[in-house]
Amino acid sequence: GEDVEQSLFLSVREGDSSVINCTYTDSSSTYLYWYKQEPGAGLQLLTYIFSNMDMKQDQRLTVLLNKKDKHLSLRIADTQTGDSAIYFCAETLERYQKVTFGTGTKLQVIP
Amino acid sequence: KAGVTQTPRYLIKTRGQQVTLSCSPISGHRSVSWYQQTPGQGLQFLFEYFSETQRNKGNFPGRFSGRQFSNSRSEMNVSTLELGDSALYLCASSPGPANTEAFFGQGTRLTVV
Chain A
1 GEDVEQSLFL
11 SVREGDSSVI
21 NCTYTDSSST
31 YLYWYKQEPG
41 AGLQLLTYIF
51 SNMDMKQDQR
61 LTVLLNKKDK
71 HLSLRIADTQ
81 TGDSAIYFCA
91 ETLERYQKVT
101 FGTGTKLQVI
111 P
Chain B
112 KAGVTQTPRY
122 LIKTRGQQVT
132 LSCSPISGHR
142 SVSWYQQTPG
152 QGLQFLFEYF
162 SETQRNKGNF
172 PGRFSGRQFS
182 NSRSEMNVST
192 LELGDSALYL
202 CASSPGPANT
212 EAFFGQGTRL
222 TVV
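Those protein sequence lines, which keep their order, are chains A and B. Under my numbering, the first residue of the first sequence is numbered 1, with each subsequent residue one higher. Under my numbering, the first residue of the second sequence is numbered 112, with each subsequent residue one higher.
Keep in mind that the hints were calculated from the coordinates and are not lab data. For every residue, glycine included, the Cβ atom is placed at its ideal position computed from N, Cα and C. Heads up, some of the hints might be wrong.
Computed cross-link-like contacts, DSS-like style, restricted to lysine-lysine with a CA-CA straight-line distance of at most 27 Å [claimed, not checked]:
#1 LYS70/A x LYS36/A
#2 LYS124/B x LYS70/A
#3 LYS70/A x LYS56/A
#4 LYS56/A x LYS106/A
#5 LYS106/A x LYS70/A
#6 LYS124/B x LYS68/A
One side of the interface only, derived from the structure: several residues of chain B facing chain A at Cβ under 7 Å [claimed, not checked]:
#7 LEU201
#8 PRO206
#9 GLY207
#10 GLY218
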């Protein structure tokens, strides 16, 4: 079955690194995503990783995937106040455009 | 390149009424998905359309329906509105039938009173 879990809240100081964690249960997942949602806004796709990859880096963002433990993480280097938002982990199967989202992690960046 | 456009942005309806929400995907994208976001349930999948065909449906009652037109624009309809239907409805578009990147619109905030 599909179930994606995240911790609800994370607080970091500006300039530090943030690590947001996610666990999923569907071993058939092919794509794993990280979305950002700012207050009153829609979802912004930050990055995604194929299930046959272990790591993906994109500027300040690093995604790590541990398929054995079904664990996905998003590391934000040099966290800025503009990074304050809710971050959603999501998974999907290859053939279907049905994205299953986690509960979201609210990131608070303290100046 | 224009993004995903959802209209209207905000809507207030009365219990028992019906509502139609619209989504225009990114030009060239043929897949459109709909999601409901509420504080209690989070983000839940409603349905997905590709080339005017519904390919996948979430666990929502039959009051929730949708369709896709030949130009890939999509509408979703909710009939006999209930207070619990108050939510942010998000639409996402993707280029093709296989799942790659899903780009979301700003959403329509529906309030049922």
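Verification of the supplied hints:
no., hint, in the structure
1, LYS70/A x LYS36/A, "21 Å, holds"
2, LYS124/B x LYS70/A, "42 Å, violated"
3, LYS70/A x LYS56/A, "16 Å, holds"
4, LYS56/A x LYS106/A, "22 Å, holds"
5, LYS106/A x LYS70/A, "21 Å, holds"
6, LYS124/B x LYS68/A, "47 Å, violated"
7, LEU201, "6 Å, holds"
8, PRO206, "10 Å, violated"
9, GLY207, "9 Å, violated"
10, GLY218, "5 Å, holds"
Comparing the model with each earlier hint shows violations of hints 2, 6, 8, 9; every other hint is respected.
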